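Colleague: Given the sequences, and given the hints that come with them, work out the whole structure.
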Amino acid sequence: MTQDFETQIKEKTDNQLSEIYLNANDYQPEFIKLVELELLNRNIPIDSLNFIKAKKEAISDETLAIGVQGNHYWIMASFLACLFGGIGGIVAGYIYAYSMHKNANDVEFYYYNESTRKYGKWMLVVGCSILGLILLSKIV
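Under this note's numbering, the residue at position 40 of the sequence shown is numbered 40, and the numbers go up by one with no gaps.
Hints are computed from structural coordinates only; laboratory data are not their basis. In this text the structure is predicted, and so the values were computed from the model without any measurement. Warning: the hint list may mix true and false statements.
As the list claims (entries may be wrong) - Subject to a maximum C-alpha distance of 25 Å in a straight line, what follows is the list of computed BS3-like cross-link-like pairs (lysine-lysine): (1) Lys55 with Lys33; (2) Lys53 with Lys12; (3) Lys33 with Lys10.
Modeller: What follows is the structure, encoded as structure tokens:
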């Protein structure tokens, strides 16, 4: 397998090898080690690539920390589902409020931005309250 990697790497241009090195998370560790060796053999400065890589990861982490804005139409539909005691609205509220994902360094970030998470928490409160009232009215 190492022989196959070496053959593939020798055929790559300097720019292709630099891109592979900068996006190391998309490749196998053995492949990245061989890419690094080839970059050094071609006298391409690894330090500058490491600097670019660090800046790229910092920007990515900042973007992940901000989170994604939820779709306004789906948020409204989920609120309507909550108002009618729908479990779907409660599930959507939970997803909007608490969904998380990890970056390449296994640091967790909320998937949605703060505004969407607030809507999700309100969906949970409203949906659970109305569902509770509906269940209570069926019992009584």
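Colleague: Are the Cα positions of Lys55 and Lys33 separated by 25 Å at most?
Modeller: At roughly 21 Å apart (the allowed maximum being 25 Å), Lys33 and Lys55 satisfy the hint.
Colleague: CA of Lys33 to CA of Lys10, is that 25 Å or under?
Modeller: Between Lys33 and Lys10 the Cα gap is close to 13 Å, so the pair holds against 25 Å.
Colleague: Regarding the pair Lys53 and Lys12, is the alpha-carbon distance no greater than 25 Å?
Modeller: Holds, because 20 Å separates the two Cα atoms, which is no more than 25 Å.
The structure is consistent with each of the numbered hints, conforming to all of them.
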